[in-house]
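First to last, the sequence lines map onto chains A and B. Read in our numbering, the first sequence has 541 at position 59, and its numbers run on one by one without any break. Read in our numbering, the second sequence has 220 at position 204, and its numbers run on one by one without any break.
Among the hints, a few may not be true.
What the hints assert, rightly or not - Distance condition first, Cα-Cα at most 16 Å in a straight line; then the derived EDC-like pairs of lysine to aspartate or glutamate: (1) A:Lys615 / A:Asp492; (2) A:Lys615 / B:Glu29; (3) A:Lys615 / B:Glu28.
To be clear, the hints were calculated from the coordinates, so they are not data collected in a lab.
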Amino acid sequence: MEDALKHLLDCDESGRGATLESLAGALSHTRKHAAEILGQLRGRGLAVAAGDTHHLTEDGRLYALQVVRTHRLYETWLACTTSTPAADWHREAHKAEHHLQAAEVDSMADRLNNPRFDPHGDPIPTRDGRLPKRALTSLASWTDGIAAHIAHIEDEPESIFRQAEALGFAPGTRIDDSRHLADGSIECRVEGRRLIISATVATLIHVTGAGPEDTEEVGLIRLSDLPVGGDAVVHGLAPSCIGPERRRLLDLGVVPGTRIRCEFASPFGTPRSYAIRGALIALRDYQAERILIHPPGP
Amino acid sequence: MKSPEEVLKHAEELRWQLPQNLHDRIAESIHGEAARIAGRSITRRGGNRRLAWQQKLDRILTNPWTAFPIMVSVLGAILWITIVGANVPSAMLATLLVDQGHALLADWFVAAGAPAWLRGLVVDGMYLATAWVVAVMLPPMAIFFPCFTLLEDFGFLPRVAFNLDRIFQKAGAHGKQALTMAMGLGCNAAGVVATRIIDSPRERLIAILTNNFSLCNGRWPTQILMASVFIGTLAPKGWGSSIAALSVLLVALLGFGFALLTSWMLARTVLRGEATSFSLELPPYRPPNFWRTLYNSLIDRTLIVLWRAVVFALPAGAVIWLCANIPVGDASLAAWFIHLTDPLAWTMGLTGVILLAYIVAIPANEIVVPTILMLTVLVTGTSGGEGAGVMFEADNETVRAILTAGGWTTLTAVCLMLFSLCHNPCSTTLYTIYRETRSVKWTAVSALLPLVMGIALCAIVAAIWRFLA
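With these hints in hand, go ahead and build the complete structure from the sequences.
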């Protein structure tokens, strides 16, 4: 039933009406089953029918928003306090949204300092049921050459989301020098590396323009690309570095302005040891990839 | 003038206009500001560059060509020092506590006119088990752990963790697990305590749950005895001891493989969502403080672990003696149990005697072999034992004679070696795991996981062996 409410909310928000077919498709159930659920919703005063389409009542909308709030808060909680892989967030939250009580959700929100966005960049409905609308553009239709910030990454379908996640994308990641290629994929520069984003992945990614205050830092590279023996200055942590991992790096003193030097590598190439603030710290490759640095001067 | 409601509403609207990663940016700038303040007010003596000889040493210790030979030879040297160095004090303690102490105590009980059952329970059961554990356990631990701590203080061990981290990363674990596993070679309980050096919760739990796959010094004697009595004798003349040593090494390596495999399984299933963050500091090399290290490792590791072992060995000794001496119908409790479990044990390539020995020897692996010998003599009725419920040890030839009379084959020895590697941790270790994790669930997992693996492994090996034979 929660899933049906979410579908109706989606349809109401986007302005298209939900039909019996669309609901059956969203729930992957038969039409008969979908009709039963709609009947239950109408019976509880959560939905009304208008011709062929179905809409939420005000009560239904609040209820649906509460479900969405639970889902997105739970995802945030997973991302910030556990190390659940990003690809599992959606599935775990989908299970949790059915049994978490409103009071539990509110106390979770308090502990997380009332976050506004979930780790995919979706806004989290507030306690009193408000959900702001944002104007986002798909990366696929973004103008070439204009800097963009990733604002949201759709987490379904999971297999494509995994690809986006493997590229190290997270809300806040900056994309520069983008250029559409003939096959619809996009070539661009992300955190000091040139990447090609396939057309299917690009449709999952929504971006906004870079604000006026953040001008591009020319020539940033990742710490993992620093050669052994190289000196550098830390620019910051990539937005995809979250949760315990991020806190740990900050605690070690990996903050903007810190001088860092790659001392030596282990026999297998990773981890490598870095001199940071007088200490010798070993970092694995995936950690060093998320630290942006100004490369050594000439 | 706006009403409070309007102000709140306005604030709420503005809130959504802030950049998405505001919290991260604030945290970052707080850390950055703290670093700037610290940088302004602290003056460092000397340069920031590390000392040249330290750099050179680091390069040698982490070079792909030199790192592995150095690590292997250091571990080999420590094991050699431990085994050779522990031989003499272990033999002395055994003479003192097991031979003389046992006889002396028995005489006192006779002189005091104590009934036979009381003498059996206290002297043959409780005292003997405890004396055995102390004699086998104390000398190796008193040598192994200080050596380890010295290397740790010098700064060598963090480099080992650094070199091996890649392997453990593949298994979802932490490079420092290499150290806790090496520590487990001395004693699993100490290895579990040592996992405190891993500060990421998931990797620490993995290290705790898999430490049992390091053959501890209570199990080395079983391995060595089985290898030399049954496997070494299969080899051509003159090669016996080398083959025996090789087979023990093979079992130890198998344990290392199982630890990695289990780590990998745990990290991908039940521990998938546990918090994790990697960090490993490589401290500068410094000369260790010899006497303080010696004192600390004796007190912290050796004595605490020894005390727990003694606490658990006392009741175990009583249980062993009672098993062998309480008659049920026309046979002792032990004989009934052995008779009933023989078919089950057969499918695992073992015997009922071994199963009973492992159940009563949960407190300490050191007494498995003496218990097996005592029970075999009890059941088969061959001569050579010290009496029902009295554990004893013998030279290799006598052991072979007793065990062959008990129906043992090479398969039994191989399966016993595997089962000794792969079974539940001793009660000292289990208690330590509970203390460290504060969780009944993880303690149960740590007990059942290797046990189930061991039973399956032995059953598979026995089935294949019998199919081929």
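Task: Straight-line alpha-carbon gap Lys615 (chain A) to Asp492 (chain A), limit 16 Å - done: holds, 12 Å
Task: Satisfaction of hint between Glu29 (chain B) and Lys615 (chain A), Cα-Cα up to 16 Å - done: Within the cut-off at roughly 11 Å; holds.
- [ ] Sort out whether Glu28 (chain B) lies within 16 Å of Lys615 (chain A), counting only the CA atoms.
- [x] holds, 14 Å
In terms of the numbered hints stated before, the structure departs from none.
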